[in-house]
Amino acid sequence: MPDLGAAFLGSSYGRADERLWLYVDGPGVLPGWSAPGGRWGIVTAWNPGGAQAGSAENDTAQTRLTGRVQGWSPLSGFNGDGGWREDTLILRGVPLREAARLGRQFGQAAILWGVGRRAALVWLDGPPSSEGLRIERLWLRRADSPETADCGYTAGL
737 MPDLGAAFLG SSYGRADERL WLYVDGPGVL PGWSAPGGRW GIVTAWNPGG
787 AQAGSAENDT AQTRLTGRVQ GWSPLSGFNG DGGWREDTLI LRGVPLREAA
837 RLGRQFGQAA ILWGVGRRAA LVWLDGPPSS EGLRIERLWL RRADSPETAD
887 CGYTAGL
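Mapping of the sequence shown onto our numbering: residues 737 to 893, in sequence order.
No wet-lab data here; the hints were simulated from the structure. Note that the Cβ used here is the ideal one computed from N, Cα and C, for glycine as well. Warning: the hint list may mix true and false statements.
Quick list of the computed label-pair ranges, beta carbon to beta carbon [stated by the list, open to error]: (1) Gly773 <-> Glu793: 11 to 21 Å; (2) Ala792 <-> Pro772: 36 to 46 Å; (3) Ala879 <-> Arg828: 18 to 28 Å; (4) Ala743 <-> Asp880: 28 to 38 Å.
Using the sequences provided together with the hints, build the complete structure.
Structural data, given as structure tokens:
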């Protein structure tokens, strides 16, 4: 199994026409799927627990996930590339805890959640606790640009 932290931080996220990377240093860019200050989440049902699953199993699970998120006007996307490319759904307006619940339901190690330009890698690798979720606060940068954009609204992260 790959180092999951390195795998998540080394992957690109988003839609085919807009690939974004996670960075520690900001400021970041506003993804095309989000209004300034808008909440969003990226979830998948592929490869539960970071263990590579077969395409039929992944497709079946992703279809189930798609059926559960229609209220969030999902956009199709993908994470990563090559053998670890995973279909995803970008959920606009989804609250953090709802995105985390969906990720847990489908056996995911983590989800990506954000507010505007700010992103959070939300780890789901333990039971839900009263202390909350384990979150790494990050920024988004376009995959085709080495520069960061002007600082944006980041309330909520």
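Which of the listed hints are not met by the structure?
1, 4
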